[in-house]
Structure formats: structure tokens, C-alpha cells
Amino acid sequence: MSQVHSFGIQPISIHSFNENHNQIAFSPNNDEVHIYKSGGQTSGGWEKEDVLMEHGQRVTGIDWAPKSNRIVTCGADRNAYVWTLDSGKWKPTLVILRINRAATCVRWSPMENKFAVGSGARLISVCYFEQENDWWVSKHIKKPIRSTVTSVDWHPNNCLIASGSTDFKARIFSGYIKEVDEKPEATAWGKKMTFANLMNEFSNGGGGWVHAVAFSASGDKLAWVGHDSSVSVVDAQNNMSLAFVKTEFLPFITFTWVTENSLVVGGHDCCPLLFNYDDTGKVVFMNKLDIPKETQTKEISAMKRFQTLDKRATTVEDSDLKTLHQNTITDMTVHTGDRGSAQKISTTGVDGQMIIWDFKSLESSIQGLRIS
Amino acid sequence: MAVNTGAKQFRKVDVDQYNEDNYQEDVIEDGLDEGPNENEVSSLLQAGKNVDALKVVLKNAPLSTKNQNTKDKALQLTMRVLTSFRSAEIEKAVNTLDKLEIDMLMKYLYRGFEVPAEGSSAVLLNWHEKAYAKGGLGCIVRVLTDRKHV
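These protein sequence lines are chains E and X, in that order. The first sequence lines up with residues 1 to 372 when you count with the numbering used here. The second sequence lines up with residues 1001 to 1150 when you count with the numbering used here.
If you are wondering where the hints come from, they were derived from the structure by calculation, not from laboratory data. Ideal Cβ placement from N, Cα and C applies to all residues, glycine included. Among the hints, a few may not be true.
Stated by the list, open to error - Restraint-style ranges between C-beta atoms, simulated for each label pair:
1) E1089/X - A186/E: 26 to 32 angstroms
2) L1144/X - V284/E: 48 to 54 angstroms
3) A1122/X - D278/E: 38 to 44 angstroms
Claimed, not checked - Straight line, CA to CA, 27 angstroms or less: simulated DSSO-like cross-link-like pairs of lysine-lysine:
4) K1066/X - K1148/X
5) K1130/X - K288/E
6) K1073/X - K1148/X
7) K1099/X - K1134/X
8) K1148/X - K1059/X
9) K142/E - K191/E
10) K282/E - K1134/X
11) K1130/X - K322/E
12) K192/E - K178/E
13) K288/E - K360/E
14) K1134/X - K1092/X
15) K1148/X - K143/E
16) K293/E - K344/E
17) K288/E - K1099/X
18) K282/E - K1059/X
19) K142/E - K178/E
20) K344/E - K37/E
21) K344/E - K288/E
22) K1055/X - K169/E
23) K48/E - K67/E
24) K311/E - K288/E
25) K311/E - K344/E
26) K1134/X - K293/E
27) K169/E - K1148/X
28) K1099/X - K282/E
29) K143/E - K89/E
30) K1049/X - K288/E
31) K1059/X - K169/E
32) K1008/X - K1071/X
33) K1134/X - K322/E
34) K48/E - K89/E
35) K1073/X - K282/E
36) K1092/X - K1066/X
37) K192/E - K169/E
38) K282/E - K360/E
39) K1049/X - K1134/X
40) K169/E - K1099/X
With these hints in hand, go ahead and build the complete structure from the sequences.
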């Protein structure tokens, strides 16, 4: 079943697992990054290992590189730090992003030699390590971004960057850096890949900030979720055809691909939802992943009834939400597997909980749920 | 002490407009949206075909024009169509609309709330209840986030 871990009452704004999923780095909506290790007797088996306190203001992005075991964090203090493990302690290295507004999101590239930081300065900072000077250099992608960048994601070819922004558009840029990359081959998104070249720009016609953007596992599809409660997918192999669905749910904040054609979204409805991009090129809502079991109404004693009537003018005690998450889902990552075939995903929310959803047990417990 | 402590005009200056970081709206060309044809809608209403009149009014909503007159006229027409329904017919009418039309209807309902007329709010609230049942919260969120106003 879905494992629920509570890390306290503070909202968890972002989280990231290490390669073996036995460690998690998250930020409790402040300037600290907490590292927890699994195993141990405490709640749900997660023990606090370390607290990284270098940022001066709220931490807005955390990404843990699985192979090189480095963590990059970025914050509202306009800085990013790359943390490396040195004899059991995490040592920070400051990265000068040269931005004059807060950083909003950060992602390691697939080969982990670069990372991209989105910011409120209307630009994306792509940073790479320069060996001779032993420091991280940042290059800017500015045009034609017109407002805060809310999310970034890398293409599997280590060069293309997708970005979502509060100017209601999703864009794909080239992040090819000649100092560290080999010349990339042409992809379905375009041929010319000089640094900061705008490859494509997409919008689904409505308004609504783009909250999250991601390439599918093969890199041929790009999906994003927006504040107009929509899920949009562009298929490069299919003539850049744009498909979107405007749903009746509250807006989604985060999502992740779980197979080449399915994605799970989460947001203000506090419930992960499964969508499918089918063969006819339409985005279709499949299932909610959080169907609460019908609890039997407990017998409430007469005394309790009058007490709640006195205190709350109602005889019903239950004020909890029926979903597992009691508040907005803020971040969602693939836990086991990868974007092409995920077996477990993890979500964190404003309720301070981290929940791991296991697709095998979900498929058996929810009627008609098939993730393909 | 400064002599001109009485000068207060500077407090009315909007400094934000001079901030280069301001997001400027995409230049939307003045679309030649004419809005729904008034005669067509009137004749449909008189013939008792108010569901068709509703569809015409929703399909031809003047979204991209900057002409406030066109928008106001279209709003008046839509209000006429909406008030011509009896309360029992509203639910059936809403069920015949597709997703885009429900979103447009919700936009007009909220626009109608902005300019209340005699007894219109009650009718609009009735419509709102049925449209919300079909369109859900996402429909209302789209009214708030869509850049094109009705």
C-alpha cells in the first residue's frame, strides 16, 4: 500500500532522493535543507542525518544527482550551492548565478556535468564546472523569456532544456555548452543547437502560469501543467501536434511521466491523478490514484455528540480530507524506476507528509487501473 | 526643514509603470470580432429555440476585439438569452453544451455578476449551480486565469 511518512507540520516544498532511495533531501519551506536516512526506529523509519544551512533565504530547488552523489540547491537568496559529501559531511560550493532575483528551480543534466537554474530574473542560468579555475561558471538564456521561469527540465541528450514560465508559455532552448559537451545530433525538436537558441515555444491558448514541465523518457514528447487546470502534451514525432485537456479539477502544481505515454499529476486537489496520451493524440484522464476506503462510521457516544455539538455546532467529528494528502501536493518525483517505466513515485505536500505510491499495489486495489 | 512639505502630488505617481521588469501584454491585434448577430439570436428566441440561441451566443463571443461596445452589446444579448430560460430547462440546456461552451458560459456568468440588474443575479446563480456541476472547479479557475476577457 502507499507508505505515508510525516516529517512534521511544516510544508515540504521540494524533495529529492539519492540513487538508492535510502536518503532524502527536502526543505521544510525555509532556508534549511534536511537530509534524512531511512532505517531506524523513528516515525516510518526515517532518521534525521544532517541539516544544510547555507542559504540565507527560502530554498526553492533541490536536485540530487544519482551517479555523482552531489546535491545542488538554489534559493530565494539568488544563490545556488553544489554540495559534495566529504568524509560524512556535506560541503557546499557557492555558484555565482549572476541573477538579481530569486532562483526558483534547479535540475542536474542527465550526464550531471551541468545544471540549469530558473529564476525570477526572467532567465535560465546554465552552470558548468571549469577545471582550470576550479569553479562553476554560469551562462544565461534570456530571450525571449518574459517573466519568471517556474520550472526546468533536461532532454535525455544532455543539451536541450525545457522551461515553463509565468508568461504562460512552455519553451525549449538549447543548453549546449561547447566546453563540456560534444556536438549533439539533431533531434525531433530541431537542428540548430547553438547555446540559448530557442528551439520551440508552445502555449495552449488559455492563460494560466505553467507550473511544471517535463520531457518524456525518450525526449520526443513534452508535457506541462498550468494554472488553468490543464495538462498539455506536444509530440515532436507527430508534427509538433499539441494536445491538451482542460480538466474540472483544481490546478496542478507538479507532475511526472511514468511511462512513455502516461503521466501522473498532483496539485491543489491533494490527489495524484493519472493521465494518458493515447494513440489518437489526445490527453485523457484515466484514474485518481487515491481512492479512500469507505470507513465504517464509528459509534460516537452520546456524550461525545453533545461535546462536539457544543464546540463545533455539528455532530460530525471528521474534518480531515478523504485523500491521504491533507493539503496541496507540492512536489512529485519518480522513486523506483525511471520516467519510462516507474514502479513507485513519491509525493510531498503542504501537510508535511511524504507518500510513496506503489503502482503494483495500486493496480490491484483500484478497479480498472492500468498504467501503460 | 524643507519648504515644500505641502507637495503631495508625487504620491500619486505610479512608479511601477516605469519599472522595466513589468510584464507587457502580448500585442493582441484588434480582432474583427463582431459578436453574435442580434437579429439571428432574436429570431431564435422568438421561435422558442433558446438552446440554439444560447449556442450561437456562446460560439460567437467577441473575445479578441478591443471594442468595448461590441463586448457590452454581446453581454446584453447573452443576458437576454439566459433569462429567457425557465429554471427547469437550465439543467437540460447545460447538458447539451460541450467543454469549451461551458467555459464560455461560466465567463459570461461572472461577467453578468459584475453588472447586476433587476433580479438577474438569482437567474445567474441558478445557471452557475448547473454549470459548476458540469464544469467543476477547473471551469471557474479558467475564468480567472484566461487572458481573453469576454
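Could you check the structure against the hints above and give me the numbers of any it violates, in ascending order?
Result: hints 1, 2, 22, 24, 25, 29, 30, 32, 35 and 36 break, sorted rising.
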